[in-house]
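Visitor: Chain by chain, the residues:
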Amino acid sequence: MNEIVVKNLSKTFAQGEQNVEALKNINLIVETGDIYGIIGMSGAGKSTLVRCFNYLEKPTSGEVLIGDKNLGELSEKELREERSQIAMIFQSFNLLMQKNVIDNICFPLRLQKVSKADARKRAKELLEVVGLSDKAKAYPAQLSGGQKQRVAIARALANNPRILLCDEATSALDPQTTASILELLRDINKKLGITIIVITHQMSVVSEICNKVAIIEKGQVVENGLVEDVFNHPKSSAARELILRGDDNKAGGTVETLNGERKIRIVFTENSSFEPVIANMVLKFQTAVNILRADTRNVGGVAKGEMILGLPEDTELQENIIVYLKERGLEIEEVTGDV
Amino acid sequence: MFDSQVISMLLEGIRDTLYMTIVSTLVAYVLGLPLGICLKVTSKDGLKPNKAVYALLDFICNIVRSIPFLILLILLIPFTRLVVGKSYGSTATIVPLVVCAAPYIARMVESSLNEVDPGVIEAAKSMGASNWDIVTKVMLVEARTSLIIGATITTGNILGYSAMSGTVGGGGLGDIAVRYGYYRWQTDIMIITVILLIILFQIIQNVGMKIAGNLDKRK
Ligand SMILES: Nc1ncnc2c1ncn2[C@@H]1O[C@H](COP(=O)(O)OP(=O)(O)OP(=O)(O)O)[C@@H](O)[C@H]1O
Ligand SMILES: [Mg+2]
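Protein chains in written order, with my numbering: chain A, 670 to 1008; chain B, 603 to 821.
Among these hints, one or two may not hold up.
Unchecked claim - Dumping the calculated DSS-like pairs for lysine-lysine here, alpha-carbon to alpha-carbon at most 27 Å:
#1 B:646 x A:793
#2 B:688 x B:739
#3 B:646 x A:693
#4 B:819 x A:804
#5 A:738 x A:790
#6 A:768 x A:676
It is worth saying that the hints were derived from the structure and are not from the lab.
Please construct the entire structure, taking both the sequences and the accompanying hints into account.
Guide: Structure representation (structure tokens):
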């Protein structure tokens, strides 16, 4: 079933004299139960797009359908009701600083006129879901970033939403905390069947939890589909860049000296095992290859790896190596420029 | 040191001063708080931007605030007479005090509300909060520390202005200070009234700041 359908959506901001075209003719379909990643560089229009999903930002043209409702056709009041079905979490958590944890979680319930007692009961359940039962009386200022995001998630779940929008929800967190929050999101998706949209600029976040991904660049979707497909066969240069660049914190400094070399990227799929192929290749050709990067990740629940090799200078040898690797069922791709 | 007549006069002065200060502050807030909220809501990045309304409110606030209090006091005499029936005494002083303080309060409220994290407002919107919900349940609550500090400063200022109105027969401690100190050269009584004003001011400041501090959960 289609949960979110975006049709020909454009958004232009009038900024003084000139217009900023933040989004250009976006078309997307998110299905029920998806964890859909939207990835792009800073300023690409990710936040603007996700804010169109709940009409916090009104598109300049185009349509957003949630389930069977066209958000553009709803009255203010109907829109507010619909929004209680579309929860959102943010990079900066956006908790009410003057309310304690339990009152923060009660807040959306009280907005929907749930009685105080019922709201408290539900809030306690939710604190258990996010593993913060002992912090009910604490104020946000007394919590760590990860704990704040857990509270924000509990608050987002309060009204049993169908959709959860996450705008850079883990960007302010360290890698370990990020992993635990992503784990929680995956759990929520599995157990509660909530469709999740994950906005990020980190490929690792997408490969960690998403099943589908859209890559946006300068306000346009340049590529979208199953994470595996996009990851294994990136078509757009933006996708390639995001995948090759990997995590910001992993980007290596060893690359510069190797620029002149011919480089290939090998992708290991489920049936190719990692070590022996390379080792056997080296043994067979009696030549050294430069391993510029080796990385295994969890892509859509399947262990995947990629490796970037710098090939020896001999062109004939290069071709032989490529043929050899292809014969063994590996995806090979030329890499140009910086790795 | 003083006979019982002077003491009872001073006590009455304290009572009148507190009466003017407290009633003026309350009435001024009844006008200034909604005005400040309107300023924030209609401003460019507000919940319901409205250039015309904002410009009008902005203009009124600036005009009133740019008139010196003593001039305002005199300008308003006909209006004061209309409202309370006379133009001198404590109750009459409340009128110009309110007119003077309300726009000032509106500005304070606007700037307090400006401090509320826009992200939190956005989060509330995403939960389906109406503008009324956002003002009453998010902005005023999140800004309460700043609002109370503003109210404390305002009350202190009104106390000072109420004393100033003594020069034109406004009643209260300021009135006593002017009558005895200025016209009759009884410096001791004047000094006592000044000390009493300082003490009142300090009490207001300390209580207000304490409440603001205790209510702040951001630390
Ligand atoms: N309210 C606004 N007024 C004018 N321009 C805006 C507004 N909001 C966004 N933009 C512009 O739209 C473009 C996309 O912004 P957006 O915040 O969606 O990017 P993003 O992909 O979320 O970036 P980041 O990763 O830095 O959060 C930017 O060029 C930005 O300057
Ligand atoms: Mg953004």
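Visitor: Each hint needs a verdict: does it hold in this structure or not?
Guide: Evaluated hints:
no.	hint	in the structure
1	B:646 x A:793	violated, 39 Å
2	B:688 x B:739	violated, 41 Å
3	B:646 x A:693	holds, 26 Å
4	B:819 x A:804	holds, 15 Å
5	A:738 x A:790	violated, 31 Å
6	A:768 x A:676	violated, 39 Å
Of the hints listed earlier, those the structure fails to meet are numbers 1, 2, 5, 6, in rising order.
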